[in-house]
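Trainee: Required output: the full structure, derived from the provided sequences and hints.
Residue-level listing of the chains:
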Amino acid sequence: MSVVFYLIAGLTVAGALAAVLLKNTVHCALALTVAFAGLALMFLELDAQFAGFAQILIYIGAVAILVVFAILLTRGSETPKDGVFGAKPLFGLVTAAGIFAVLGWAVLHSAQALPGAGGSPTPAPTVTVMQIGNALMDRYVLPLEIVALLLTAALIGAVIVAMHEKAGAR
Amino acid sequence: MSPHLNPLTGYLLVAALLFAIGLAGALTRRNAILVLIGIELMLNAANLNLIAFWRYGPHPEALTGMMFAIFSIAVAAAEAAVGLGLEDDGPRCDEQDEGVTS
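Each protein sequence line maps, in turn, to chains W and U. The working numbering applies: residue 366 is where the first sequence begins, and numbers increase by one. The working numbering applies: residue 73 is where the second sequence begins, and numbers increase by one.
It is worth saying that the hints were derived from the structure and are not from the lab. None of the values given here were measured: they were computed from a predicted structure. By construction, the Cβ of each residue, glycine as well, lies at the ideal position given by its N, Cα and C atoms. One or more hints might be untrue.
[Stated by the list, open to error] Here are the computed distance ranges between Cβ atoms for each label pair:
no.: 1; chain 1: W; residue 1: H474; chain 2: U; residue 2: E133; range: 26 to 32 Å
no.: 2; chain 1: U; residue 1: E133; chain 2: W; residue 2: G451; range: 24 to 30 Å
no.: 3; chain 1: U; residue 1: A134; chain 2: W; residue 2: L438; range: 39 to 45 Å
no.: 4; chain 1: W; residue 1: A379; chain 2: U; residue 2: H131; range: 33 to 39 Å
no.: 5; chain 1: U; residue 1: E133; chain 2: W; residue 2: L514; range: 24 to 30 Å
no.: 6; chain 1: W; residue 1: H474; chain 2: U; residue 2: V154; range: 35 to 41 Å
no.: 7; chain 1: W; residue 1: L458; chain 2: U; residue 2: H131; range: 35 to 41 Å
Mentor: Take a look at the structure:
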């Protein structure tokens, strides 16, 4: 594990923690952007250039902007007076800590059986964007079409939900 | 820096930590947009797992994990759009104390 990995991991985890813990909703959205950027850097360090840049374009460029718009266009940016956490925050914390304990135990327990455990560095796979495009058009063409259909349905659905709400004549 | 930690283990631990943070946020926050932020963090943790296993797995040239992660990113984007469209309703229902959900 290199120093770069620890720096990126620290940045990502700090961004995620800030996104969950901060009081101001706009600050949460900005911290979420930091976490997304750290994840994109991790993808780049894992030699997955296409996924890394897709992460930057889709998450930082689209999802984070969408979250900021949703916060600013609704009244979500006001900090509520009765606290930002729900009625029983301890329950959620205990559940999350338990799940992290189980996952961490499983990962550390099976560390020897994982690929790359011998200590020899795995050579970086050379995957070009052309190969990804060929695979998308060849083996994964049906999932690609289904994703296109899903995105169209999501677009229409979001518009219909927003229209219904704007009319307000329920 | 523990020497016995192989690279894949490090990435898996970071992904588990991100998942737990996202789950804690989704379970404890009151604002619906912040619940969605927690869900996005959990999805991203799963993507990190997929990419890490693709990188250190036996057949990276088959592109399986990479493709799964790319499709997962696309589905997460659609989910975020619909979720944020729905969430306009949340605070208003609270304030009017009607409990009506469309």
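Trainee: If a hint holds in the structure, say so; if it doesn't, say that too.
Mentor: Cross-check of the supplied hints:
no.	hint	result
1	W/H474 with U/E133: 26 to 32 Å	holds, 29 Å
2	U/E133 with W/G451: 24 to 30 Å	violated, 46 Å
3	U/A134 with W/L438: 39 to 45 Å	holds, 43 Å
4	W/A379 with U/H131: 33 to 39 Å	holds, 34 Å
5	U/E133 with W/L514: 24 to 30 Å	holds, 29 Å
6	W/H474 with U/V154: 35 to 41 Å	holds, 38 Å
7	W/L458 with U/H131: 35 to 41 Å	holds, 39 Å
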